[in-house]
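Peer 1: Below are the chains, spelled out letter by letter.
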Amino acid sequence: MKKTVDVSLPVGPVHPCFKEPARIKCQTTGEKVLSAEIELGYVKKGIERIMVGRPWQEVMFLAERICGICSVIHNMVFIETVEKLSDINVPKRAAYLRVIVNELDRIQSHMLANYSYCYTIEHETLAMYLINLRETAIDQLELITGARITCAYMIPGGVRFDLKENDAEKLSFAMDKMEKDLIRFTNMFESGPLIGLRSKNVGILTREDAILSHAVGPTARASGINADQRTNHPTYQELGFSPIVMDSCDSYARVMVRFKEVFQSIELIRKCLDKLPKGLIRGGGVVTEGEYTWIGEAPRGELTYHVKTDKYGRVAEIAIQTPSIMNIEACAHHMLKNVDSAADVTSTFISSDPCIACNER
Amino acid sequence: MLSVFCYIKEFLRPEWWKKFLFAKTPPLTSPSYFRDYPHLTGNECTHELRCMMICPSPGAIEVLKTDDGRWEPVIYKGHCIRCGLCVEVCPDNVLASGRILEQNETDRTSYLSSYRLNVDDSLCMRCSNCSVACPINKVIDPNLAYNATSSSDDVIMRVKNSKLTILHPEKCTGCKTCEKTCPNGAITVARIVEGDQDEE
Ligand code: SF4
Ligand code: SF4
Ligand code: SF4
Chain A
1 MKKTVDVSLP VGPVHPCFKE PARIKCQTTG EKVLSAEIEL GYVKKGIERI
51 MVGRPWQEVM FLAERICGIC SVIHNMVFIE TVEKLSDINV PKRAAYLRVI
101 VNELDRIQSH MLANYSYCYT IEHETLAMYL INLRETAIDQ LELITGARIT
151 CAYMIPGGVR FDLKENDAEK LSFAMDKMEK DLIRFTNMFE SGPLIGLRSK
201 NVGILTREDA ILSHAVGPTA RASGINADQR TNHPTYQELG FSPIVMDSCD
251 SYARVMVRFK EVFQSIELIR KCLDKLPKGL IRGGGVVTEG EYTWIGEAPR
301 GELTYHVKTD KYGRVAEIAI QTPSIMNIEA CAHHMLKNVD SAADVTSTFI
351 SSDPCIACNE R
Chain B
1 MLSVFCYIKE FLRPEWWKKF LFAKTPPLTS PSYFRDYPHL TGNECTHELR
51 CMMICPSPGA IEVLKTDDGR WEPVIYKGHC IRCGLCVEVC PDNVLASGRI
101 LEQNETDRTS YLSSYRLNVD DSLCMRCSNC SVACPINKVI DPNLAYNATS
151 SSDDVIMRVK NSKLTILHPE KCTGCKTCEK TCPNGAITVA RIVEGDQDEE
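If you read the sequences in order, they're chains A and B. Just so you know, full-length UniProt numbering puts 28 at position 28 of the first sequence, and the rest follows in order with no gaps. Just so you know, full-length UniProt numbering puts 190 at position 190 of the second sequence, and the rest follows in order with no gaps.
So that you can see chain A by itself, here it is in the shape it has in the complex:
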């Protein structure tokens, strides 16, 4: 008779496939994973504490440094919160430019997530193709803002740099090229036999479980939940935006949602370039006293900023809620339950696109 032994299997905190440090403690019997527990707390930064007492022009840069992968959205949500609490209006042109930069950031973040996934299931060729595509997106960010990751593009009442005529041409040319490549890579992922075997029906997060664990972003949308904070954003509403939802609930769906969202982002950027109105990019306006909570959609899901300012416009209180912690919860309690092979643990974890830097802010 074959005898199986229950073993506690630690994965991480430093693992070649994780982008950041976290430890997964799996209970396994034989090759099968029964349950898992995720341990965080290796790199706490204490950024919220450092932000208190500083004016926006300093907090803006700190907010960006919460996450190195989706830095633009932190800048955007913080600035929008500050604008809302002091009634600052943004010129139309600046609002469209913000969407362009934010969507470029989403493309590079999703490409990194899918790259990590392909790398984890050891399809290194596709992984390399995807990371090259991310590079194209980052180059466009650099073209507009002058920096690759920490762009510092938005300021209260507008943006820092305008989009020049020939830069807009370069951008739309890059979008065409990216779309062409992306169609090929998506096909590869959809029809590649190895990929299908490793991701389909692995790490199921049912709709009910997703609601229960408050999963957000692509992880929730892959489980059939139609939730995207961009639908509440005035500029996105003008552009006509509807979220992408899939309902196969597995790792495959989570990766595919990201691929489809990149197509959608490219489409949104094209719409913005078409509609880009002429005019000023900075409206001015002083940050005053107030308190406001605003939610934005980061590449990984809902990002909430609660900011209270004193009478000189300095941050008196700040609370940030980042999306990843919800997805990690969903991953630990639901996706990693009854996984058939220990090798699928890392790939399932990566498919929820965990960002430890966000949680350890």
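Misleading hints may appear alongside valid ones.
Said to hold, decoys possible - Which residues of chain B face chain A? A partial, calculated answer using Cβ under 8 Å:
hint, residue
1, Pro-31
2, Cys-83
3, Leu-85
4, Ala-96
5, Ile-100
6, Leu-101
7, Asp-107
8, Asn-118
What the hints assert, rightly or not - EDC-like mimics (lysine to aspartate or glutamate), calculated; alpha carbons at most 20 Å apart, straight line:
hint, chain 1, residue 1, chain 2, residue 2
9, A, Lys-164, B, Glu-105
10, B, Lys-19, A, Glu-124
11, A, Lys-278, B, Asp-196
12, A, Lys-164, A, Asp-176
13, A, Lys-164, B, Asp-198
14, B, Lys-9, A, Asp-181
15, A, Lys-92, B, Glu-199
If you're looking for bench data, these hints aren't it; they were derived computationally from the structure. We treat Cβ as the ideally placed atom computed from N, Cα and C, and that holds for glycine.
Using the hints provided, position chain B with the ligands relative to the given structure of chain A.
Peer 2: For chain B with the ligands alone, coordinates are given in the frame of chain A:
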């Protein structure tokens, strides 16, 4: 079996062969628009200290006197986060980084900054160190340096009727000398920055 066909299909594309045969590493240079560490343009620095006041990274920039008596900003690369704010605020275009200067010129964008003084009355012990140390106060009323209270109403702040009163916060240049001299940390200088753009 299927995967073999997939790979064969991928490797038979002419683009793949083109890339394979002519693969080369691009040169390691950053494009002209990359926002690198600020560098000097050669314009004369007028010691307004706006760059130091706006810099979000402590200890990244300092305006020092060179050997031949001119002022010159010095960037400490270990601290600078390459945000480019110092380039944008400088009224004399002393610094440059990427294409920030050209963009500011064509877009007519700039920052307006003002300073507000904030006194915590429960901490202030009316020593008037701040009023005496303030360089602007010294220019407006030179006598202030000797008797600590001033009869002039034009000064930024003075101690009168055993209370520190702020009279003209709009004259403050944000040098933070008062903040540094205060033994109790009772006075703080708040920077209020606003992004601005001129209409045509
Ligand atoms: S670029 Fe930014 S961080 Fe560097 S010296 Fe200038 S203001 Fe300071
Ligand atoms: S910051 Fe400088 S100029 Fe302003 S009040 Fe203090 S010492 Fe005077
Ligand atoms: S230096 Fe400080 S304690 Fe002295 S008068 Fe100024 S604020 Fe008050």
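Peer 1: For this structure, which hints from the list above don't hold up?
Peer 2: 4, 6
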